[in-house]
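K.L.:
Each chain, letter by letter, is given below.
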Amino acid sequence: MSILIDGLLALLVIYLALQSLLAPRLTQSVFLFFAFGLALALAWIRLGAVDVAITEAAIAAGFLGVLFLDALRDFSPSFSKKPKNLEYDQKSLAKNDTRGHLLPRMALGLGLGLFLLISLEAVWKIPQGGGLTAAAGALLPESGVEHPVTAVLLNFRAYDTWLEMGVILLGLLAVFAAGGIKGYRKPPVAAQDPLLRQVILFFTPVLFLFGAFLLYIGKTGPGGAFQAGVLWGAIGILLHMGGWPVFAVIPRWLRQLLLTVGLGFFMVLGFLFVAAGNALFEYPPAYAGILILLVETLAAISIAATLSAIFAYLNQMKYPSQTL
Amino acid sequence: MTAWIPLLVILPLSGAFLIAIFSGMFKRIGGILTPLFMLILTCLGFMFFFRETDVLVYHIGGWELYNGIPVGIHFVVDGLSVLMVAIINLMGFLASFYSVSYIRKFTGEKYYYALFCLMVAGMNGVVLTGDLFNMFIFLEIAVISSYALVAFGIEREELEASFKYQVLGGVASLVILLGIALIYWNTGTLNIADIAIVLKENGDNKLISFVQVLLIAGFGLKAAMIPFHAWLPDAHSSAPSPISAMLSGVLIKAVGVYAIMRLFFNMFTLSYEISMLITVIGAVSMVGGVLLAVGQWDFKRLLAYHSISQMGYVVLGVGMGMVILSVGGSRDVAVLAIAGGLYHMVNHAVFKGLLFLNAGAVEYKTGTRMLREMGGLSNNMPLTSATYFSASMAISGIPPFNGFFSKLLIIIAAVQGGFYLMAILAVVVSIITLASFLKVHRYAFIGFSRFKNKKMFGEAPFGMGLPMVILAVLCLGLSLLIIPFFRDIFLSPAVNTLIHTLDYSQPILGLLP
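One line per chain: the protein sequences are A and B, in this order. Quick note: to get our numbering, add 108 to the position in the first sequence (first position is 1). Quick note: to get our numbering, add 4 to the position in the second sequence (first position is 1).
Because the hints were derived from the structure by calculation, they are not lab data.
If the Cβ cut is set under 10 angstroms, some of the chain A residues that face chain B in the computed set are:
id, residue
1, A244
2, V260
3, Y267
4, E272
5, G279
6, L281
7, R360
8, Q364
9, F379
10, E390
11, Y391
What you are looking at is a predicted structure, and each value in this text was computed from that prediction instead of being measured. The beta carbon of each residue, even a glycine, is placed where N, CA and C say it ideally should be.
Please build the complete structure, drawing on both the sequences and the hints.
P.N.:
What follows is the structure in C-alpha cells.
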C-alpha cells in the first residue's frame, strides 16, 4: 500500500514540475508551482525528513509564492502601478513565443537527460556510509538541546550557521550595492485590493504564532530559526503588499538593528567564548540550551528583517520617481 | 600560535560588519579600516610561515575527535594554505590601499569596502578550512561578493557581465554542491582528512569517478579553465580595477585552483585518467587564452584573457605532477613540476595584480581602456609606465623577473617527465605573450598621443602609485624564491603537502605515532 502512495506521489511531483514549466500562461505556471512545492513537501515527509518538509513548504510554497504573486500583480491590468500596463490585454500574461529556440532547447534537454542517466548510473547501488550519526547522537547530551539536527546546526557546526547568516546579509548588501537607490522612502498611496488586505490581516497573527512555535519546538523536534525566519519574513512582505510599508517607515537605526542583531549577537558571543579561554563557539555546557534559544530567536528576527528589506527595496523601484 | 588562526576569518568579517553599520556616521571609515585590517591580516599570514609544527589544527566550538570521528569543523594551517593566505592578504592590502584613491569617483563607497572585506574573508576561509561543506559556504561568500563588486559601476555593460557571471557561477556552485552531497552520502563524513581515509579503505568506485568529474567542472568554472571560461573576460574587465586585480590575482586561484589541488592531492586517490584530464585542460587553457588575447584592443579585456592563459601554466605544472605521481614516476620530477606550478601561481598574483592596477591608473587618468585611443603615456605617467614595463616583462618570462624562473621550472619538468609537446607549447605561448604585451607597450605607452582631448595627463595619485611600486619591486624580488634559503621557508612546505598525499590526514585525525 505504501509503495503505491509513494509511487503516485513521485509521479505527481514530476507531473506538476513539467506542467508548471509547460503551462501556456504565467498565472497557471505560478499556481502549478505552489502545488509542486506542496507535493514536494509531502514527499519529504514520506522520506522521514520533517525539517526539510517544513522548510520546503515555508520557502517554496510560502515565501516564493508570495514573491511570484507580487510579480503577477505587476502584469495584471487592475492593480498594476504602471499606467501603460493598462493598455495590455490578457495576452500580456501569456508567455513569449519561443518557437525559434527549438534546436537549443532540444540540445539542452538531451544534455540534461544524458547527465541524469550518467548520475543514475554512478549512484546506483553504491553503499551509503554513516559515521557521523552515531557520534552526533552520543554527544547530544553535551550540546544543550535534544534534537540532533538543531545540535548539529547550532552547536557542532554553529560556525557554518553563523556564516550562512552572513551570506543572507551579504545578499542584502549586494542588492543595495547594485540597486543604485539611496535609502528607503515612503511609497505613494495606491489603490489596494480590499480582499487581499483582509486576508493579510487574518494571516499575520497566524503566521507569527506558527513561526514562534517552530522556533521553540526546534529544541526538541523539527523546526528552528531558518524556518521561523522565513515565515516571519513572509509577514513583512505581505504587509508591504497590502499597503502597510512597515519597513520603509520605521527609523533607520531600528532597521539596522533588526537586520544585524542576529549575526552581531552570534559574533559577540563567539568573541566572549574566546575571551573566556574557550575555543570559538564553544558553549559552556550549563548554559548551552538557553544560549542556543537566544541565538535562534535573534537569528530568526534578522532573517525575517533581511527578507522583508530586500523585498521592500526592490519593490520601491517600481514607483515613478517623481512621487518622492 | 594556534589560537590566532580564526582571526584570519573573523577580522575581515567583523570589518565588513563594522563598515556596513558605522559608515552612516563616519563617512571615511571604510577607507581607513579596510587597509588597516588587511595590513594586520598580512602580518598574521606571514607570521604563520614561522610556525612551530608543520601542521596546526584549530577545533571550532572545542569539539575534539569523538572515537576518531570529527564532529565539528576544523581549521588547518599547513604549507599550502599558509602560502595562499599570504598572497591573498598581501594582494588584498595593496588593492584596498589603491582603492582609497580610486573608488572616490563611485557612489556607495561603504558597500564597496564591506563587500571587499567579505570577499577576503571568504577566500581566507576557503584555504583554511578542513571541512568540505564549510569550504562550499566560504566559496559562496567569496563569489557572491564578487558578483556584486563586478556590477559595482551599475552601467549596462557591468550589469550584463555580472549577470553572466552569476548564472555560470550558480551552475558551478550547484555542481560542486551535488558533488559534496554525493561524497557525504558515500562516506558519511565531511572532514577532508577523514574522507581521504575512508576513500582509501573503500577503494575505487564509479561514484567517486563521477564526483571527481563534477568537481573538476565546478571548480574549473570558478578557475575559468578553457571550456568553462566564457564569463571571465567580461567579469574581470568590467569590475573596478582594484577588484579586477583581486579577481584575477587571487580569487580564481583561491576558489578554483587551490580547491582542485587540495581535493585531488589530499582527498581523492590520484588516478592517471583524471590527472591527465587536468593536465590537458591546463594546456588547452594556456594555448587558447593567449590566442584569444592577441586580438584584443581593450586593455583590461586583454589582461583578462592572459589570466586564463597564465592559470593554464599553473594547472599544467600541477597536473603534470599529478600524472607523474599517479604512474609512480620519478618523485624529483613531480616535485619540480608542482613547485613550478605553485611558484607561477604566486608570481601571477603579483604581476597580474600589478597589470590591472596599471590599467586602472590609465583609465582613471585618461578615461578610456581602448589601446587604439592611447599613446605616448610614458611621458605623462612615468611611474605607471615603468611599473607596467616590469610587470609585462615578468608575465612574458624575461629574466631576471620572477615569471622567467617559474616558467623555466615548468618547462624543465615537462622535458624531464617526457611531456615534450607541453614543453614546446609552453615556450611558444610565452613568446606570443611577449608579443601581445609589446603591442600594449607600443600602442599605449610610447609613440605619439592619439587622445581626443590633447591635454596633458598627470601621474596617478600617491595612493595608487605606492601599491604599484611595491608590486613592481616584488616582481623582481620574488625571483629570490629560486634560492634554496627562501625556497625552504616559503615554497617547499607547500610542495611537500601536495607530494606526500596521505600525510595531510594524519596530524588532523591524530594518527601520528
